[in-house]
Amino acid sequence: MMNLEAAKKLLQTGIENAKEMGRPCSIAIVDENGWLVALHRMDGAPIPTPEIARDKAWTAAVFRRPSSEVSAYGDPRAPGFGLNAQNWNERLTTIPGGMPIWNESHFIGAIGVCSETPEEDVILCQKVIKEMGAILNRKVGI
Amino acid sequence: MNELTLEQALKMIEAAERWARDIAGSPCSIAVVDKAGAAIAVHRMDGAGMATTDIAIEKAWTAVAFKMPTLMGSRWLDPRNIGKLLGDHAMGMIGRGKGRLCFIPGGIPVTNEENEVIGAIGCSGVPSGVGDISDTSASQAGVTALYE
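These protein sequence lines map, in sequence, to chains A and B.
In this text, residue positions in the first sequence follow my numbering: the first is 1, and each later residue adds one.
In this text, residue positions in the second sequence follow my numbering: the first is 1, and each later residue adds one.
FYI, nobody ran anything at the bench for these hints, they're computed from the structure.
Hints should not be assumed to be uniformly reliable.
[Said to hold, decoys possible] Label-pair ranges, simulated between beta-carbon atoms:
#: 1; chain 1: B; residue 1: M93; chain 2: A; residue 2: R64; range: 35 to 41 angstroms
#: 2; chain 1: B; residue 1: T144; chain 2: A; residue 2: Q126; range: 24 to 30 angstroms
#: 3; chain 1: A; residue 1: A72; chain 2: B; residue 2: M68; range: 46 to 52 angstroms
#: 4; chain 1: A; residue 1: G74; chain 2: B; residue 2: D132; range: 36 to 42 angstroms
For each residue, glycine too, the CB sits at the ideal point set by N, CA and C.
Just need the whole structure built from these sequences, with the hints factored in.
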């Protein structure tokens, strides 16, 4: 279960890592149903970043897979093509940077990061999830 | 003080959280936005309703957009004021602001020494009606903590 305390720890870890990388960013933590639990925007991060971070986290939480993998549903060669054309939800995004968080086999929520490039967002997400495992002292994965 | 920092926003949110937990005894969501109306920090306390985060952000956005507490604006939309000067034509406000406009009491703008609005805090989830317990009081606790 995602609670505010866990979310705050994740955000703290993420912000420390982002400071090391020198990338002001926004980080959003959502619960297992995609609802926002906590969101921080670092000083200097651009105005749209909190909303984008939240979109990424929502997408990762509801599909229970990284937001970058959701774009596979929009591939015209793959079955199920059409996600990109339906525009059924203003939160849905296929930008990399949203990651689900699993506590062993238990789904607990998702993280969304928005900074300068999606590649850096993914690295930051992975770092945070890795440290979350250390906090919980359990096998936490994507 | 021209811009709210994340540190200041968290100071406000923590004070509002403390107030909601210790005085009101009710979990809630608290949001702090900058002078552009963009979120700096949002927290949903354990047990608060899942829609409260959005409402808290909307209240803070409205407070910064109108540079007044949402309590003031809620008077415009009070049906008892229809036909009076205060509430005249204010119903046209409904649906404005691309869904972000929320004139429910609980959003308070934050000003600096020059009395310029530099951001706002919004709170949602505290039931009101008993004494001074309301979303506005929780937000006020946050604002007070900033100036301490």
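Against the structure, the hints:
no.: 1; hint: M93/B with R64/A: 35 to 41 angstroms; result: 40 angstroms, holds
no.: 2; hint: T144/B with Q126/A: 24 to 30 angstroms; result: 40 angstroms, violated
no.: 3; hint: A72/A with M68/B: 46 to 52 angstroms; result: 48 angstroms, holds
no.: 4; hint: G74/A with D132/B: 36 to 42 angstroms; result: 52 angstroms, violated
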